[in-house]
Amino acid sequence: MATEVAKPVGATGEAASEHLTLGDRTWLLRAMVMMRGLEERAMSLYRQGKVPGSFYDGHGQEAVSAGPAFAMAPEDRLCILHRDLAAHLIRGVAPVRILSQYLGRAAGPTAGRDGNVHFGDRRLGCVGMVSMLPDMMLVATGMAMAFKLRGERRCALTWFGDGSTSRGDFHEAMNWAGVQRLPVVFVLENNQYAYSTPLDKQFAVDPVRRADSYGFVGVTVDGNDVEAMFEATRVARERALAGAGPMLIEALTMRMHGHAAHDDMKYVPKTKLEEWRARDPIDRQEGRLRELGVDVDALRAEIAAEIDAATGEALAAPMPDPAGAADGVFCEGEAEPLGDGVPRWSAYLDRVGGGRA
Amino acid sequence: MATLTYLQAISSALRDELRADERVLLMGEDIGVFGGAFKVTDGFIDEFGADRVMDTPLAESAIIGCAIGAAVAGMRPVCEMQFSDFVSCGFDQLVNVAGKMHYRQGLAVPITVRLPSGGGFSGGPFHSQNPEAWFMHAPGIKVVAPSTAHDAKGLLHAAIRDPNPVCFMEHKHLYRRVRDEVPDGVYETPMKARLAREGSDLVVIAYGAMVHVALEATDDLDGAGVEVLDLRSLVPLDTEAILGSVRRCSKVVILDEANATCAAGAQVAAVIAEHAFEDLDGPVVRVATPDLPIPYSPPLEQAVLPSVERVREACRELLAY
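Listed in order, the protein sequences are those of chains A and B.
Numbering-wise, the first sequence is residues 1 to 357 according to our numbering.
Numbering-wise, the second sequence is residues 358 to 678 according to our numbering.
Hint data in this document are derived by calculation from the structure and do not stem from the laboratory.
A couple of the hints might just be wrong.
Label pairs and their in silico Cβ distance ranges [as the list claims (entries may be wrong)]:
no. : chain 1 : residue 1 : chain 2 : residue 2 : range
1   : A       : VAL205    : B       : SER445    : 24 to 32 Å
2   : A       : ALA204    : B       : TYR544    : 55 to 63 Å
3   : A       : PRO318    : B       : ALA627    : 30 to 38 Å
4   : B       : ARG534    : A       : VAL205    : 45 to 53 Å
5   : B       : GLU379    : A       : GLY339    : 19 to 27 Å
6   : A       : SER54     : B       : ASP636    : 42 to 50 Å
7   : B       : GLU404    : A       : GLY339    : 42 to 50 Å
8   : A       : ASP327    : B       : ALA581    : 39 to 47 Å
The beta-carbon is built from N, C-alpha and C at its ideal position, and this holds for glycine as well.
I would like the entire structure built from these sequences, with the hints used as guidance.
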């Protein structure tokens with residue numbers, strides 16, 4: 001039950017997980033580059049006044065969502081946080097729908113009812129977050145409880161931030177999951193700041209150490225290494241399916257942009273940002289793949305073209321009809337079930353008929 | 358048909374649902390081995406097992422949050438708040454996660470939250486509240502409040518089978534005091550009002566335990582024909598039935614056991630003011646608990662909760678208007 005610390009991995013071509021093919025490793029890079037590109041485009045649209053409300057992104061944290069989402073099976077269920085766009089891409093949400101969401105269009109996953117990355121495509125097995133953090137830890141725990149009660153080999157995963165660890169729902173979820181030994185993976189996205197509040201004003205003890213007191217394992221992983229994040233989640237998932245209960249993965253990372261677009265981050269020392277910029281998760285994965293001869297430039301060009309096309313399509317898409325603003329407060333018919341995500345990891349692609357692992 | 362107490366009717370609905378639908382599970386504090394603080398689930402664990410009659414940690418936010426997760430994953434959880442007062446600890450999950458889920462992402466949350474509510478037996482400030490209006494104000498949550506054993510069973514079946522979050526307000530003071538005819542098997546009571554007594558001189562609009570206060574207070578009121586409308590459901594609110602009673606009777610007393618400000622009755626008064634002003638022959642009169650915590654000592658509690666005498670007095674005054 002001791003706290004384990006994953007070894008950091010250097011920027012060599014060597015994989016942090018023996019379970020990833022070159023195609024997998026390229027997909028991980030693709031998801032991260034697409035996330036950054038989409039967020040940069042959305043930020044630009046925000047500055048132009050086309051994205052209403054406020055704007056939040058996950059610049060510098062791309063590996064924290066890409067790695068774990070890649071390790072999860074289509075039939076697993078996810079509650080994705082607002083700086084985790086890559087997880088949505090891996091589950092199968094098309095870029096045009098993401099940009100439509102930022103732009104408040106009818107074609108976005110919430111059809112204009114919510115903004116930013118406040119969504120979850122239920123058809124892809126995702127339950128959208130709320131702003132009260134970390135409420136979704138309990139929802140993920142409840143999904144895992146349903147899986148265990150029904151004897152299904154499935155797992156739930158959710159992300160939450162360092163600030164969330166101060167709230168009661170963090171404790172209630174960790175405790176409940178520990179008591180019932182549920183197949184749930186908790187990814188603590190430690191990005192150093194909750195809005196402007198640094199870690200030393202948030203907790204006296206690193207929250208990863210608390211896992212032990214709830215009766216399960218906590219590990220700290222380099223959150224800027226997408227393959228290390230994948231590997232830690234793969235292990236957590238395997239353990240959960242084997243009945244070993246939950247696992248807490250603390251991803252050490254840095255929020256490289258402000259809490260939201262208006263935030264100048266004057267509370268962050270410049271040297272700290274420079275240090276973390278040198279550990280950029282995309283640069284790191286790109287370096288590995290270049291060493292292995294992958295044509296990263298072609299991949300980047302392809303993604304840039306996709307984003308341009310998606311932008312044009314999203315900007316041309318209609319806004320929601322105000323006549324429908326009151327629709328859907330209540331479910332009037334049958335409850336629609338959650339669907340499955342798109343298989344990405346080669347281990348899932350190889351499964352016959354996409355059946356359960 | 359059997360004669361059941363209000364509490365037995367609730368137990369009967371839960372038992373029938375557990376037998377009929379394997380997706381149904383009960384979650385709450387001390388509901389399994391102990392059978393619940395009020396013994397609603399007494400003996401259930403023997404028939405259905407500890408997984409389906411789940412003793413949970415003492416954590417209301419987790420009970421509701423995990424129920425939401427289980428519900429979106431295909432279960433039909435029924436949560437028990439040991440006392441409705443404690444739902445304040447799970448408010449956020451119910452209001453922000455469950456209540457907004459379908460509107461935001463088309464994902465239904467079929468959970469029922471049972472809320473043993475109300476005062477009248479020295480429960481004090483933390484075991485006597487009527488928090489229904491908190492949830493009437495939050496979009497996406499249905500709120501029902503039966504007054505009879507018949508409706509307690511039928512509305513609980515309807516709540517569990519509804520694809521939305523439903524707050525089921527069960528009045529503790531009715532548990533063993535109210536007893537009436539309950540059909541065998543499963544039936545769903547519509548989330549609409551019921552005429553508890555017909556009349557044409559005045560209508561008292563109430564729900565839950567206050568229906569019985571209304572009936573007793575107006576049983577023999579100087580020969581006046583007093584109608585009593587039992588709302589049964591607060592969300593959705595049966596506007597048609599409310600306006601129908603007002604048009605028939607022209608004089609209205611609205612009765613709440615909850616604190617007066619922004620109570621369910623305040624909404625009923627607003628509906629009448631908006632849509633039936635021309636039908637009134639007198640001011641809308643409200644009888645409710647003043648805006649204060651429910652005190653413990655019997656003379657203090659009796660002084661603040663709406664009594665038969667207060668309701669009778671209010672009706673007499675309005676009849677004389």
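Comparing the hints with the structure gives:
1. VAL205/A / SER445/B: 24 to 32 Å: For SER445/B against VAL205/A, whose Cβ atoms are near 29 Å apart, the range 24 to 32 Å holds.
2. ALA204/A / TYR544/B: 55 to 63 Å: Holds, since ALA204/A and TYR544/B (Cβ atoms, about 56 Å apart) stay within the stated range.
3. PRO318/A / ALA627/B: 30 to 38 Å: holds (36 Å)
4. ARG534/B / VAL205/A: 45 to 53 Å: Holds, since ARG534/B and VAL205/A (Cβ atoms, about 51 Å apart) stay within the stated range.
5. GLU379/B / GLY339/A: 19 to 27 Å: 22 Å Cβ-Cβ, so the 19 to 27 Å window holds.
6. SER54/A / ASP636/B: 42 to 50 Å: holds (48 Å)
7. GLU404/B / GLY339/A: 42 to 50 Å: violated (34 Å)
8. ASP327/A / ALA581/B: 39 to 47 Å: holds (45 Å)
When held up to the earlier numbered hints, the structure conflicts with hint 7 and nothing else.
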